[in-house]
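Asks: Model the full assembly from the supplied sequences, consistent with the hints where possible.
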Amino acid sequence: MRDTQHEKTERAPTDEAFINKTHSHTSAIEPIPHQSTLLERLASLTTGYTPDSISELKEKTYFDYPAVKAPLWSWEIIWYFFMGGLAAGSYVLASIATLFGKKEDRIVARVGYYASLLALLPCPPLLIKDLGRPEKFLNMLRVFKFKSPMSMGVWGLLTFSGFSGITAMVQASHDGLLGRWWGTRLLSRIPLKLLAIPGSIFGVFLGGYTGVLLTVTSIPVWSRSKMLGALFVSSAFSTSTALISVILRIIGAPAKTLYKLEKIEWANMLIEITCLLTYLRTAGRTAKALVGSEPKEQGPTFWTMMFGGGLILPWLLQTLMLIAGSKQPRQHTSQGQPTKRGGMGLLVSLLVLMGGYFLRRTVVNAGHASSADARTTLWNARR
Amino acid sequence: MSDHNGQVSATPITERVQQLTQLLAPFKKEKPLPEQPKMGFFTDTSLCIGCKACEIACKQWNQLPATTPEWTGTSYDNTQSLGATTWRHVQFIEQIERRIPHVNASDEKVLKLPLFEMDTPVPQMGMDLSALPELAGTPTGTALPFFSTDRWLMRSDVCKHCANAPCQEACPTGAIIHTEFDTVYVQQDICNGCGYCVVACPFDVIARDSEGDGQAHKCTLCYDRLKDGMKPACAKACPTDSIQFGEVEQLKRDAQERLGFLQERGLTDARLYGADDKILEGGLNSFFLLLDEPETYNLPSNPARPSNHVLPTSLGVIVTAAVMGLIGTFFFKQE
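Protein chains in written order, with UniProt numbering: chain S, 1 to 383; chain A, 1 to 335.
Keep in mind that a hint or two might mislead.
[Unchecked claim] Restricting the straight-line Cα-Cα distance to at most 20 Å, the calculated cross-link-like pairs of lysine to any residue (SDA-like) are: (1) S:Lys340 / A:Glu335; (2) S:Lys263 / A:Phe330; (3) S:Lys60 / A:Thr74; (4) A:Lys52 / S:Phe63; (5) A:Lys29 / S:Leu141; (6) A:Lys31 / S:Val143; (7) S:Lys263 / A:Glu335; (8) S:Lys340 / S:Leu350; (9) S:Lys256 / A:Glu335; (10) A:Lys333 / S:Leu192.
[Claimed, not checked] Taking beta-carbon pairs under 10 Å as the criterion, some of the chain A residues facing chain S (in silico): (11) Glu169; (12) Ala170; (13) Cys194; (14) Val198; (15) Ala200; (16) Asp292; (17) Ser314; (18) Phe330.
The set of hints was computed from the structure by calculation and includes no laboratory data.
Built from N, CA and C at the ideal position, the CB exists for glycine as well.
Replies: Set out below in structure tokens:
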């Protein structure tokens, strides 16, 4: 009895403070650090939903116990989404360079095809490790289900692995990395352009299906908006462009090619920003788990490492670089391509790669926070 | 190796063939069993007394291990949710000061308990009961004047055995199937514990047994008992017939009748959940009679069917990829 009275006297002022705070746009019961006000404003602005604790408290639930089960996926799946995106995007970019690039752009194709295979290699082990019964992974090949993105994903990954592997082998035999014997002569006779088109289709599939996979669930933050697939595929493109330009800036590449990659990177980031903002707006209240600053919610990481540091900042830097670059007179020295290393572009690309990783990480972890939020889950199902 | 007839070469070959067929067994498509009438549960929460006999009977029959007890401090429900080793779960919902009499809603005095202090005359022996004023907002004929309107709702939760089950649609191995009784069943020899069904289920039902065999588990509607023409263990153990088992069509008719009866008696908030075809576009083979809004029981009122998201999301992928591909092509073609 004494305890309850004690609790009551303690709670009364907090309640008042809580109501006052909600009126002054800071809606959390505990005192919150100063910078989260900005994050909360950003969250309301992008999602179009301002958390209203008082009306949310009136919604009915069963002791706030989760209304859906928490996802079982963690770091393996985060890394798979990131690496799979890189593998897919690198392949597609390399194919575009093969099909439409100039002579000096061949280095993009070469680096792209190798990067694709290397990024793809850790994917199957990560996926198998994530299973509850890894030794039974072959059972995935029992069925072919259009309605199940995971089933389609298995077949898509398998097919894409085939294309990525063969293309890298063909590229390697062109480059003489496999030695010179009848096998490599046979391989180098396969035209890369023939592989590029079907391989790219499966590449797009691999880059985008992971977003579809998350959308085809009952987790509110993943399933409310139908933009997660578009967001993931756009991130796959921008991160892989960044990866290839990082590699090219380390090993050295024609300045013209790097300039093309810069422009592609800039455009890809712009599309990713558009996809991300559309996703947040269409997810509305359910995006709270991704952009909110309450415990378990991903807001602080999302805004700093992904949206701010991994997308907006590199995009602004890239814009400045392109403006500065276009003012300089372009020297056309046809004999002996001038190669370039390092530069600001390296920083931009590394930031984009960081953003791509944190996009996967915050979205997957937001699923955990979202599944624990019974009120939003039930609100989402009211339709 | 040689058998009794001394035929040396035949045995290893037949053995190998046997091994191969065993290895390929999960890939073999069996002929479906002959269709049986649809079977399901009708859980009538108005009859539930919260005895948890269903939880225990289920654990016993299915040989499920007990979960580590954890005091929730919220109610008598220390199970909290369904899980890999809990296939029936009884909820306890305490609704205190739920329905404040409408007439005196503004009067502060009415809110205070006990109600004996109110001006309402307390019924006594030999009094004319019909002269007593009835508390507004209380179901006619059910409330005695000295009863408060507080109530205690109980519900035995279970897998809904959806006609269009999201877990079954999500399953990438084909481990989750609809049986010949149209119940949803996880074939344990096939499930590899990918965990996709866990996030697909909109009802917080199916779970992976991470401490056990690492596979997905949920209510089987006692498939083994069904095969032998027996009632599922929970329905058999239920002492109040709150859990009824039978053919879905018949159960749905019974449920309508029961709902009419309750509404006639003044329980206007009573409703059926999953008995029509609205939820997940096909209804639930294991449905409920609720006394309040579904959200009170943590049930989603109209959950989306996850597989409907495949097409719109894929379209988004294709459009975005096409735009980005064109931009890449344009910049690469530039001098």
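Asks: Each of the hints needs a verdict: does it hold here or not?
Replies: These are the hints, each one checked on the structure:
| no. | hint | in the structure |
| --- | --- | --- |
| 1 | S:Lys340 / A:Glu335 | holds, 18 Å |
| 2 | S:Lys263 / A:Phe330 | holds, 10 Å |
| 3 | S:Lys60 / A:Thr74 | holds, 15 Å |
| 4 | A:Lys52 / S:Phe63 | holds, 19 Å |
| 5 | A:Lys29 / S:Leu141 | holds, 13 Å |
| 6 | A:Lys31 / S:Val143 | holds, 15 Å |
| 7 | S:Lys263 / A:Glu335 | holds, 13 Å |
| 8 | S:Lys340 / S:Leu350 | holds, 17 Å |
| 9 | S:Lys256 / A:Glu335 | holds, 9 Å |
| 10 | A:Lys333 / S:Leu192 | holds, 18 Å |
| 11 | Glu169 | holds, 5 Å |
| 12 | Ala170 | holds, 5 Å |
| 13 | Cys194 | holds, 6 Å |
| 14 | Val198 | holds, 5 Å |
| 15 | Ala200 | holds, 5 Å |
| 16 | Asp292 | holds, 8 Å |
| 17 | Ser314 | holds, 6 Å |
| 18 | Phe330 | holds, 9 Å |
Comparing the model with each numbered hint stated earlier shows that all of them hold.
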